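From first to last, the protein sequence lines are chains A and B. Numbering of the first sequence is given in the numbering used here, commencing with residue -5 and proceeding in unit increments. Numbering of the second sequence is given in the numbering used here, commencing with residue 752 and proceeding in unit increments.
Some hints here could point you the wrong way.
[Said to hold, decoys possible] Computed Cβ-Cβ distance ranges for the label pairs, DEER-style:
| hint | chain 1 | residue 1 | chain 2 | residue 2 | range |
| --- | --- | --- | --- | --- | --- |
| 1 | B | Val843 | A | Leu45 | 21 to 31 Å |
| 2 | B | Ala1038 | A | Val127 | 33 to 43 Å |
| 3 | A | Ala241 | B | Ser975 | 50 to 60 Å |
| 4 | A | Ser282 | B | Leu920 | 46 to 56 Å |
| 5 | B | Arg842 | A | Ser248 | 22 to 32 Å |
| 6 | B | Asp940 | A | Leu45 | 26 to 36 Å |
| 7 | B | Leu886 | A | Ala119 | 54 to 64 Å |
Hints in this document: simulated from the structure, not taken from any laboratory. Keep in mind that this is a model prediction, so the values were computed, not measured. Ideal Cβ placement from N, Cα and C applies to all residues, glycine included.
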Amino acid sequence: MVNQTARLPGAAAPPFGNLPLDAIRSAAEAVLIPVGALLATAVVFGIFVALAGADPFETFELMYRGAFGTWFSWQNTLQRTAPLLLTALCVALPARLGLVIIGGEGALVIGGLCSAAAGMAMAGAPPWLLLGVMALAGMAAGGAWIALAGALRQFRGVNETISSLLLAYIAIALMNHMVEGPLRDPASLNKPSTPPLGESFMIGSMPGLDVHWGLAFGLIACVAAYVLMQRTTFGFGARMVGGNVRAARMAGLSVAKLTLVTCFLAGAAAGLAGMVEVAAVHGSANASLVAGYGYTGILIAFIARQNPLAVIPVALMFGGIAASGGLLQRRLDLPDATILVLQGIAFVMILASDTLYGRFRIFQPRG
Amino acid sequence: MEDLGWWGVALAVLAGAIRVSTPFLFVSLGELLTEKSGRINLGLEGTLVMGAMSAYAVSYMTGSPWAGVLVAGLAGALFGLLHAAICSLPRVNDIAVGIALMLLGTGLAFFLGKPFIQPQAPILPAIDLGWWSDLPQVRSALQINVLFILGLVLAPFLLWVLTNTRWGLIVRTVGDSADAARAMGYPVDLVRAAATMAGGFLAGIGGSFLSLYYPGSWNEGLSSGQGLMAVALVIFARWHPIRCLGAALLFGGAGALGPALQSVGVTQGYYLFNAAPYLLTLVIMIATCSPTRTLAGAPGELSITK
């Protein structure tokens, strides 16, 4: 059977309780278990850092300062949160159908590449038109990339986890080929890039914030994804497929259509993240696009239990952790991979905590 | 050096197949064993990187590459144990845990391996099987590492263990039907833990080959998806050890195509040739998977093909 594998435990569990008290109970479970897992992460990571010869308390304090301590660090955090919101959606949306997509990095890279190519083709057009076409190109390319993984799953039974990751490596190779060859700006010497967009064509900052508009795109996308999944017939159908494919088929839902559209939207979100990285941060497509946002997005979606609204605070937290990496390196002489270790521990703890759902009496609805 | 022209490409691909295939072979045999017990470990990618790092570090510190190979295997077994322990908790998804361990393994390897990027560790010796030839290309192609030969022996041995021994039967029973195994009194979680640890051990050794022989140094871009491609390779090989060997050689050859062409002056599309192994994996998966029937040879409990 298609779609029966890799069900994410509890991913699509709706709050069945009718009483407000029951709703509070299940909400408390959904919040307290991940928080507990993150506390356990902090303890394990603290021990790890201590073994590596750094003071854990100083580490946590520095991380807080590097992430949220000053307005400057807030800006740094928010800049990094923008792509994370979008790459987390790339995991969270297909998860509602029971699909584990881990190739968001590829959709981001191919989206960034295609938006840069669109920007080259539209050179000379007014900025709003150029950026609009770039955004569309990025979303279409990223969407097609993940939809391909969804289609292979749907029609050929190819495991989407593996195919999406293979597609990510293929996307990175394609990007390297294009910026090295056909799309290369001859002026880029050591770091092959597409021609720079030019200052006047880049996405500016939101007024008063000094954070580029990508953050707003990400927030809007998360809210839109939530509404789509929780408040529309489409979302209901998608969640039904995630719950039980056979029942969904019996009810007359088009599983193939729901799968393809959801995967396309997921990839479009990551593709938009690539466009934002090109048009607001780097100014051109190059190897800097491969920054690991796609992989952090997987972790964020899992901690948020695949809920697009919960993605927002979790992405902010990981944006902050990423932003504080530089400070840890400078002050404590810890390698940049410290952040990767923290993410790995957090991921393991969160998954292990899946086993705790439904174990505690106090969270269960009475009746 | 004599110019072999396009024959040089064929020779280089063959040599590359032998050189590059060893990590694929070890990881895929390890993954095969784990999958035969009914569990899938996507974390072997992280195990491979961890194995490469720890082997290099130990070889550098002790001066013995073989100690490095052993430690890499033990590190892999430890990761396998972690995977098995978390997956044995109820309601925990083995694919997701694999992704998490992939991230944790690469993160830990990058963190701990930072001091070992510069120094040169003693690497594994190779056996010179090309002494009969005057051509330097043939000679270098037939520089064969002991680990490759070990892998050649391991594949039929694993097949024999799985089909002809009591242990093999238990692993296959657990993988095909946990209920049946439980009814017969076998401890399902324990068997899976053992199979996952053994699989991790082999993957760690595969990683040690990367840092201690080819390419033969430790850096952070050492493995890019080889552990994951091994998962696809096992599906392609239909859970058969001998076919794993053939598939590993095929993947190795695909990986050697880009550098081989570059050596005869074809530099156009170098990055595209780098994508060849991934593309090949994808095409193979499309060709061999089917939405309507269970794949022949697939363990019944395996979540990835159900």
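Hints, verified against the model:
no., hint, result
1, B:Val843 <-> A:Leu45: 21 to 31 Å, "27 Å, holds"
2, B:Ala1038 <-> A:Val127: 33 to 43 Å, "37 Å, holds"
3, A:Ala241 <-> B:Ser975: 50 to 60 Å, "40 Å, violated"
4, A:Ser282 <-> B:Leu920: 46 to 56 Å, "53 Å, holds"
5, B:Arg842 <-> A:Ser248: 22 to 32 Å, "30 Å, holds"
6, B:Asp940 <-> A:Leu45: 26 to 36 Å, "30 Å, holds"
7, B:Leu886 <-> A:Ala119: 54 to 64 Å, "58 Å, holds"
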